Amino acid sequence: MAFRLLHQCGHNASWNFESLLNDGCGDGLIFSPVHQSVRSVERTDAAVKARSFFDPQFYLPNSQKRKLKEYPFFPETISDGFVTSEFAALALQAAQQCVDFQVNQKFDRIVVPTRFIDQMKTTYIDEQEQYAVAPFLHHIDSAGYDHPVFLTLALTSHMILDKGFLVSLLNWITGYPNLDGLYLIVDVPRDTKQIQSREVLSAYLDALREIRESGLAVVASHLNTESVLLTLVEGCDLTFGAYENTRIFSVDKFVVTHEDRRGPRARLYVRGLLNWIHLSDAKLIQTILPQLWNHIHTPSAYSDTAMSAPVEPTFQSPLLYKHHFVAMSDQLNELRSLQFSERKTRLLSWLDLAQQAYNEIRHAGIQLDHHGSGGHIHPWTSVVNAL
Amino acid sequence: MTNAILRSRATFFAIGVIAYELISGHNPFLGAPPHSRETILQRIIDHAPVPLNDLHLASDKFGAVVATLLQKQPYKRYRTVEILQDHLDQLRSSHGV
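If you read the protein sequences in the order shown, they are chains A and B. Read in order, the letters of the first sequence are residues 907 to 1293 in this note's numbering. Read in order, the letters of the second sequence are residues 1161 to 1257 in this note's numbering.
Keep in mind the hints are simulated off the structure, nothing from the lab. If you're wondering where the values come from, they're calculated on a predicted model, not measured in any experiment. Hints may contain errors.
To be verified - Examples of chain B residues lying across from chain A (beta carbon under 7 Å, computed):
no.: 1; residue: Arg1197
no.: 2; residue: Pro1234
no.: 3; residue: Tyr1235
no.: 4; residue: Arg1239
no.: 5; residue: Leu1244
no.: 6; residue: Gln1245
All C-beta atoms, glycine included, are put in the ideal place defined by N, C-alpha and C.
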């Protein structure tokens, strides 16, 4: 099965670059203008850009985020204050500049942005077409660019659960013969870091399968560890990222806030649990259940340093994120080489082992927090079994 | 949705209807008479024509091509002429034509 694994860049994108180039994790990068200045994109090595793409991030077109506004084609910038009703007149100009930027920077494809509209309104498709899709495709066509063209689509979980709405989206997207693929985001509101809803995960897998069967390529973006499940959609490209806002989509990251930024508590990705747990809990398991720990944790130079450090690494340290890249790419590479039925069997065995490990941890009296406990294992197993 | 998009997806459906009729000798959506505009439209919405291969009038692969063209939902039909052409070329070469 051929799928690509791409870094979803965010703050400190240099960690993603280093992971790709030095550790061989992943196959390319997705550039994020809300986090990366024009200058840093321009200065990135051409060989890296040739296997990467740029997400123009028009999700919130009136975003006041400083780096995003640096880009002359960003709706808020080009309009000098974005107003929906007035943007149609500037849409072609924005499209021309944005497409030319991507081509001049020699990215591997052209990405057509759309807005994040969280309502299933009847004008959804018309709005997306008028403000971005039609002007972008028009410019790509008239300029004679022959790059692969991908459309961004940021949906809510309600949209993929509503079969009628999803079908209308699929009919719309597949109607563009010059479109090669989709860059798909699904915003799944939840109170745990892992998606635990069986219904949402099944609908997500179904939507991806329908897209692939229509002949379009697809990149499933902003993924947390559910990416292991998405390997069950043949040829669906996957993503991983450092900070949580690269692994869980929320339009909040395009909103300027003046709140103090609190660093999250350090968490370590533990392969055998298919989850991130507090670093302090990881050390506890290592001490109390050393045999189990050796079984569920595949160490890397990064995790060794983080575990042995006298002080927990903060979110400004790359250690735990780079460990995640190593562990996740190893895990996905293992699945990449398998046929569908073997992949499914392998996933079920991982889920079974994770459940056993969680049971052992619980019996040993170690209390994992709400996010780090194994609430995702049972629903994930059901989803895989249903395929 | 633009008219151009609607037209291209409808064209694939029309090609499917013509192919089906050429091979089977009857229109896939024309039921028993009387043939009013309403009954024909209703059959286009409701009726799933028997695949040509099930009628032993075409190979499984060619039957699947026509069935894809006749899908009710446009997104299940071929997305581009090139994809359809590619499928037909593969069929032709597998038959040594």
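TODO: Please write out, lowest number first, the hints stated earlier that are contradicted by the structure.
DONE: Violated hints: 1, 5 and 6; rest satisfied.
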